[in-house]
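Student: Respectively, the protein sequence lines represent chains B and R. Be aware that the first sequence starts at 1, since it is given in our numbering, and climbs by one per residue. Be aware that the second sequence starts at 1, since it is given in our numbering, and climbs by one per residue.
One-sided excerpt, in silico: chain B residues whose CB lies under 7 Å from chain R:
| id | residue |
| --- | --- |
| 1 | Val20 |
| 2 | Leu24 |
| 3 | Glu28 |
| 4 | Ser31 |
| 5 | Thr303 |
| 6 | Ile306 |
| 7 | Arg308 |
| 8 | Cys309 |
| 9 | Leu310 |
| 10 | Ala312 |
| 11 | Thr313 |
| 12 | Thr314 |
| 13 | Pro395 |
| 14 | Ala398 |
| 15 | Leu399 |
For the record, the hints were derived by calculation from the structure and aren't laboratory data. Where is the CB? At the ideal position from N, CA and C, for every residue including glycine.
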Amino acid sequence: MSADGRTTESRVTNSGSRIVLFGLAWRESRSTRRRLLLYMSSISLGVAALVAIDSFAGNITRSVREQSRALIGGDIVFSVRSGWTPATDSVLDEFAARGATITKQTSFASMAYAPRTNATRLAQVRAVGTAYPLYGRITTRPPGQWERLHDGRHVLLDPALMIGLDARVGDTISLGYQTFEIIGALDQVPGDPGIAGAMAPRLFMSDQHMAATRLLITGSRGEYDAYARLASGDPDAMVKSLDARLDSAQLRARTIRQQESNITEGITELSNFLGLVGIIALLLGGVGVASGVNAWVMRKIDTVAILRCLGATTRQVMTIYITQALVMGFLGAAIGAALGVLIQFLLPGVLNDVLPVDVAVRLEPRAIGMGMLLGLWIALAFALRPLIALRRVSPLQALRRTDDGSPARRWWRDPPRMIVNLLVALSVVGLSATRAEDLKEVFAFSSGIAGALMVLAASAAVLSLAARRALRTGWPYVVRQGVANLYRPGNQTRSVVLSLGFGAFLVSTLYLVQSNLLATFRQAEFNARGNLVFFDIQDDQVKGVDSVVAAQGREYAARVPIVTMRVAAINGRSVTDIMADTTRRESPWALRREYRSTYRSEVSETEKVLAGKWFGDQPTAPGGVPQVSMEKEVADAMGAELGDTITWNVQGLEVPTVVTSLREVNWQRFELNFFAVFEPAALERAPKTFAALVMAPDDSAVAALQRDIVRRYPNVASLDLSLVRRTVAEISNRATTAIRFLAIFSLAMAVPVLFSAVSATRRDRVREGVLLKTLGATRRQITRILFSEYALLGILGSLAGMVLSFGGAWLLLRYVFERPFEPAFLEAGAIAGLLLLLTVSIGLLAGRDVFRETPMAALRES
Amino acid sequence: MLVAQGLTKEFDSGSHHLTVLRDVSFSIPQGTFVAIVGPSGSGKTTLLGLLAGLDTPTRGRVLLDDADLTAMTEDERARLRGQKVGFVFQSFQLIPTLNALENVQVPLELRGDSGASRRATELLQRVGLGDRLDHLPTQLSGGEQQRVAIARAFSNRPAILFADEPTGNLDGATGGRIFELLEELNRESRTTIVLVTHDLTLARRAQRLIQLADGVVVEDTDGTGDGGRAAGESAGAHSVAGGNA
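Whole structure, please, built from the sequences with the hints as guidance.
Tutor: Structural data, given as structure tokens:
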């Protein structure tokens, strides 16, 4: 042990010394490793949510890509509203000449009648060409029947339709004025989501027998599609090169790529919500990490002071503890990723029926990697905040414990602390940027978070001040002691209110957004005056239908005339001119579609006049330009405003109208609603059909009415809304389950966060409790002291979080989900109550530890 | 050689102004065993903190082998401690999560020395704990913990060792053995030892005794008569030992 030896002591290299330091970091973490892992694993649930959600989204995108050809039915789909014409056929021939295989499909709704069982059902009829389907395969039960479809007057039915008609293979059914033989049931049809069959069960037939049914007469809603399979070449380029001809033939072309984005857009709302869950989960995790690591740092001050005495530099100290945090953060993130993968396998089970594709669950390495990376980053950024306090631990603490080692300097005079704060702030901004659609959302989200934190910090300061001011010597000792804990040096008011309040804010915001989204589902449930709709009733069939309805003792809830028309011109500019203008803002959809309009003098229950005056008040004088009321959104899409002139092509006759009112329509009610409503004088003499809404008390009444009308008037279609209602309810139930599942998940996340937040100063409370116990305090007294403190902290934190969450949810619903906000006070109150309960329970757990430890152990430690 | 020049330490806590040390000066030659004594509140621990570079004085300087501790940054002082200074505390201050061997290794590892494990084992054998290497601090008695702390203090072959009431938490017999161990190590390694204690009996066994009261040196003299001298005398024969300048 000679002092001379030190000059000859060999020195290792710098990197070697770093490895030695990592070794020291590992050994030093020995008994606190599990505790640190517990704190860092607050991030696990966040990572789990992120990995699950992103993997799921990845699965969907991949499935859409893989199934898109089958989904759309071809590389290109053409559709035309009013049936095939020589002009459309010549365009299709042009594609065929370029090597495309083309097949047509005509679809329309019609009643199918089974004479053997005397049953009728609405069927979605698809009359297809021989080459259909171009992609994918249709399977049947019994197998092999698809190949026989074109061999005669054969039909294949969805099982739901078979059941509805009580029919079996070999039965005859009639469609319009023609009869067909059922040769089998459909098993798998590419391109339709599962619920399509339930909403409108399909019936396939050969298109050579279409005309014989006489079903597609004027005014009937038919859809005409043609599918193209390209031998080679890019579908988008081919469509682009024939754009002008497609336009003039009024043929709409969609390519696979457009279809893919349409499908993924269709689930935007779901993915928006899931994305929100992901961010919130991760932020909650960050808060948990910050408060947990803060508690852990408090325990490490003594060790750091010793290390400083033994010659450790700031850099060495920070290396040791950041290494520990990094390793544990990585473990936490990895646990989260594993959990996320597990959840990912559960999600499709809950959501499959509302999705347009069969989701094939597969591991998504990108989502897993990204989730772990983001998780580790957030964990580290939030852990650094408390960790940098270790920089300033004085070695003098080893001689004499003077204070809690928290940084004495103000943050603005401490550059590293400012840098870490900035890093945390930037991480939040960056995190929202990975999810948000545009900069505005990023800004709104980040400033919302910042605002919430400021309000919470202010509330904590007010609570401390109020506790100091309000404390009265007359209060019982236990209450005084508990309340005094709120403002005494080393109090936990700020940290607990911040993390608890922030946790409450995030969870409650998520819940409010969720319950508002669910409320829209519920609204979409049913509130109509009728449950059976008849449409395509011809002018000369009205009296007959009336008598059947009356004979069965039913009444119309509504019977409205329908006139089909197209837009010819807006303010004198023809649609062709507007479409030719490349700078147009009007949507082609609104300009080109076929409008099924009505006329009446009253406003219906399901609509509201937003602007202008309803023409019922001031009918147009004879000879003047007739008035029309437009639905607000379609008017916007057309580029038409109040006072503009819209000229309609009503089956060959041009009818000019002036827009005198704009309406908002509640489409979610199953009622007969219209984009354009004319004043009666304008359309009364136009060729029209009728739609009627009838209330039938039960399923058998519905069936009887359908059967009698269809037998007399095969062209009249009817739709049983109770079936639709059941299907919609089924879908919304599934969506509700999925969203609930996530909400419960996010509530569960609050637990580790709360635990971390409260345990930050738990050690101090235990030590203090043990001292009090040594001085003669009973368990009851100590419990009461802890209760008063934690109850006050819990009340303030959860209340402040709840109030803030109303603001947060309102902002999110208004700007991200574009929906009105209905505050759910009761539920938010329940969440706040639950969090309060949790806080108090975790606080009281500290009390249990007081009685578990012997006074000697605690006193020796201090 | 450790030199204190006009050390003054004042504390301001709000309206209170407290002078804990007032113009304390002395020099300690290499290899000396010095005891600083005084009643509670006399400023012993504050003085030790200043001498060891754990704290900075309000006025005055501390020179360790001609290096001015008061002019250094916190990290420079930490490095200097790692190279030249050892500590023994009243409450042992072992790192609770490390076993005996690892605790002794820490200063060497912080310096990046290789062979830390071998040297730490030797030191623990030297203090009589060769069979307790893998015991955690909680598995050791107070006297054993203090011996680990002493082994740790000597692990980096310090030029100077500061001991703050090293026997304060131990019974008389154990405390006596710890003191003997320190004396032996002082002789073997020629390490300067600065011991703070309020136990005058123990302090008198040191070569030199500095007595504090109310923040000033009231006496600075030989403890045992073994080579000590009164305040202000030259360091003499001890200053050349150790060779750590």
